[in-house]
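Novice: One line per chain: the protein sequences are A and B, in this order. 354 is the number that the numbering used here gives to position 354 of the first sequence; each next residue is one higher, with no gaps. 314 is the number that the numbering used here gives to position 314 of the second sequence; each next residue is one higher, with no gaps.
For the record, the hints were derived by calculation from the structure and aren't laboratory data. A few of these clues could be false.
Any copy will do: because identical chains look the same in the list, a pair fits if it lies in one copy or spans two.
[Unchecked claim] With a Cα cut of at most 16 Å, we get these calculated EDC-like pairs of lysine to aspartate or glutamate: (1) LYS253 - ASP61; (2) LYS25 - ASP137; (3) LYS116 - GLU91; (4) LYS258 - ASP422; (5) LYS342 - GLU185; (6) LYS341 - GLU119; (7) LYS323 - ASP225; (8) LYS383 - GLU401.
2 protein chains.
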Amino acid sequence: MSKDEKAITGRDESYSDWYIDIVRKAGLADYSAVKGCMVIKPYGFAIWENMQRQLDKMFKDTGHVNAYFPLFIPKSFLSKEADHVEGFAKECAVVTHHRLMNNPDGSGVVVDPSAKLEEELIVRPTSETIIWNTYRDWIQSYRDLPLLINQWANVVRWEMRTRLFLRTAEFLWQEGHTAHATKQEAIDEAKLMLDIYAQFAEEWMAMPVVKGVKTANERFAGADDTYTIEALMQDGKALQSGTSHFLGQNFAKAFDVKFQDNNNKEQYVWATSWGVSTRLMGGLIMTHSDDKGLVLPPKLAPIQVVIVPIPKPNGLINEAADKIIADLKAKGITVKADMDKKKSPGFKFAEYELQGIPVRIGIGKRDLENGTVELARRDTLEKMNVPVEGIADYIENLLVEIQDNLFNRARTYRDETTTSVDTFEEFKQVLDEKGGFVSAHWDGTTETEKKIKELTQATIRCIPIGNPQEEGKCILTGEPSKERVLFAKAY
Amino acid sequence: MSKDEKAITGRDESYSDWYIDIVRKAGLADYSAVKGCMVIKPYGFAIWENMQRQLDKMFKDTGHVNAYFPLFIPKSFLSKEADHVEGFAKECAVVTHHRLMNNPDGSGVVVDPSAKLEEELIVRPTSETIIWNTYRDWIQSYRDLPLLINQWANVVRWEMRTRLFLRTAEFLWQEGHTAHATKQEAIDEAKLMLDIYAQFAEEWMAMPVVKGVKTANERFAGADDTYTIEALMQDGKALQSGTSHFLGQNFAKAFDVKFQDNNNKEQYVWATSWGVSTRLMGGLIMTHSDDKGLVLPPKLAPIQVVIVPIPKPNGLINEAADKIIADLKAKGITVKADMDKKKSPGFKFAEYELQGIPVRIGIGKRDLENGTVELARRDTLEKMNVPVEGIADYIENLLVEIQDNLFNRARTYRDETTTSVDTFEEFKQVLDEKGGFVSAHWDGTTETEKKIKELTQATIRCIPIGNPQEEGKCILTGEPSKERVLFAKAY
């Protein structure tokens, strides 16, 4: 493939083209023949696997277990919780038949009208209903609680406007569904999972997030409270990156899930659900990448170090490379050597910059004679000559430094792009000229929230957790307010 | 739950009830509200995760990478390969609409007739078609080959008669789809993956298998050759446990996937696909379990050792347990201690036998005074007193011994239940009275194969790889035959 085919649109030119170029040209994902559905390519999937592995560990370390529930949800189940069906009915893939047949006119294969299902099945957009219908059989007594279950699954929401990773008709995610004896325990669980999401986002993705609670208008369909982590992308738009819901007894009541408490009294069960999805891939890309391509935090990079011979492999270079590879592998650092003789070093440099590999080692004959190699950092694009002696230790530390630098750089950007305003004029001006999070007073009504969205496209991303209480006046209505909330335009 | 609720049907009484009892009562899986779809419960899923982890490692160690392709397949894609659509059209879940709406009569939610899809989408029964449609964009030159891609996914085949794990409408599996420049390379790949499946079955599941090739009649729809591993269950029925297909150029031709070879000549790409599924769980259960419940090979057991205080926990017992737990964990052995004071040791013994935990340690005060504990092996149900000193080493060896014993026991059974016959009378008699594999001559025609199935329900499971060549006469027609094939009744 020529260099031009790999060239990506600049962020200034078109941020959305830049994003799609990176996703496609770095080999992360692509559109498929099925409208709105993506193909996750091997390199993109390897990053997602790294995310999964760490999240799964964090879930298990906090007592959760995995299970698997059916892909299909009977239509009547979806209808049992009123808000829930309202939230999902308009974007459902509906299975109506279970057989194809040869068209009697010989023109190919058609749906067999005699194989119509008695009740339509919905491809799960989320699994609260099928899971709570199952929990009814699993929960009788307080001794059966808590149930702390997660599933890794594909879900389908028939979106009209899609964008790779950020919004697709089918996506991959995990959905936790827990059942508890008390309200407080369920709230604690919802908050614990929010903390785990925030920790994962910050420590692994190097993506700073604001933890907060959603307004009633932005809640998950069927939740009493929705907690969220909100990140800020480089174009000043927010990305809702993970949510954790306190579901109250809504699904327990809809599916009649009761338990005998330790006083032999029958009670409805309390619930949470929480999820993150392949959308995180979009957040990862948009938080760190630049006009040369993807930038990956070392903790999630499938390949952390790439070795490129300069200009070509030879005996001496190969020998040095083998030694470095062995030393890096011994430290658990993933490394690839590109010994292709047909491609120039410059071509390879561009290729691995596009792929976001955190550290590149260039090994040249002259440097080797001086006992050094050339290291290049993907985050800063800095190059440095480093002694071969002790290079594995050096790189081990460098990977930590890159991980930290990516986080700090993103946090600085986020902090600098968060603005407090006190008037609606300022509010509009900041949104138009600077973007980012805007911290402002709001009168607490859904009406005002909707009006502000209508006028500015900005939504309330969250009411931050631990928000300082402060007297103020709603930027739109002037009504009294006790705290600021965080607005932004969002993906 | 009382002991009676946990009691399982004896194998002699009803083998199929015994199987379902184990699956449900050991907490592996259960039926769901959706016809033919199962819920995989946490304990069952933990076993499946162990299988996945090992298989995934074996795939990656042989150069394969994971990716993800859409759940939905446009109806027209399925039709492009004639044999393929013939094989799958009758068991397809078909999505016809993408929206629900409130019923105008107020009676609930109905399919919105205005949201009919232009082309129906099939929930993937297998992904050859959508993947080869994608490969067309990925493959231009011999330099793009081989493509060695696997995906872990759910698939749906609308089966009328289902049985937990063995045959369900939705199941979980992995499907490898590889693309090659030459026929030989594709055949080698299909055989390599068969070897990996066999190695996994024997070394991890402790389930002996026969490797072989399917007859034309039993081939995968769209394959030129189907390789299979066939295991023998305790009721004398065979279980096809994994298949690997040499697909020739069938899908490349159907989806127009060509490449330029190194002579600049355009050629169609050669293909393989291969898969194992949650059906393996059924094989695992039926190979080893007994009338007390599940028996798990140590390499796949989520909990390898359980500690039960006799009769109840106390300071001395807890201290001894903690020490043993620490020593076992240091060796990477998974261990659980059941310190529940309300349940009797006998109750716990039955519970963990039901769950198939390979080793039980009973810690009692008197034994401790003698410096010993009581070990019980799940495979043989033997009990033995063992010194506490060095117990972790002892158990480490014991787990290896149990793994070996399970495999050897199953192999002995398989060998003893494989019979060579030379007449059709013998053939029928063995099938009726003894069951198992029956090795017999066959004239090589599909007609005879179908006739034998009609008369006896037995099918040709495979033509074993490395089969000795031997002159003989077909048991049904008396026509000449060059080798024996393996018949059995099968799941």
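Novice: Would you mind marking each hint as holding or not holding in the structure?
Specialist: Status of each hint after checking the structure:
Taking the shortest alpha-carbon separations for LYS253 and ASP61, neither the intra-copy value of 30 Å nor the inter-copy value of 49 Å comes in at or below 16 Å. For a Cα distance limit of 16 Å, the shortest separation of LYS25 from ASP137 across copies, 13 Å, qualifies, whereas the shortest one inside one copy, 48 Å, does not. With identical chains, the CA atoms of LYS116 and GLU91 are at most 16 Å apart between copies only, with a shortest distance of 12 Å across copies and 21 Å within one. Neither within a single protomer nor between protomers do LYS258 and ASP422 lie at most 16 Å apart by alpha-carbon distance, with minima of 48 Å and 63 Å respectively.
For a Cα distance limit of 16 Å, the shortest separation of LYS342 from GLU185 qualifies neither inside one copy, at 61 Å, nor across copies, at 24 Å. For the homomeric pair LYS341 and GLU119, neither the shortest alpha-carbon distance inside one copy (61 Å) nor that between copies (48 Å) is at most 16 Å. For a Cα distance limit of 16 Å, the shortest separation of LYS323 from ASP225 qualifies neither inside one copy, at 55 Å, nor across copies, at 44 Å. When the C-alpha separation of LYS383 and GLU401 is checked against a cutoff of 16 Å, the pair qualifies only within one copy, where the shortest distance is 15 Å, while the shortest distance between copies is 55 Å.
The structure is inconsistent with the numbered hints 1, 4, 5, 6, 7, although it conforms to all the rest.
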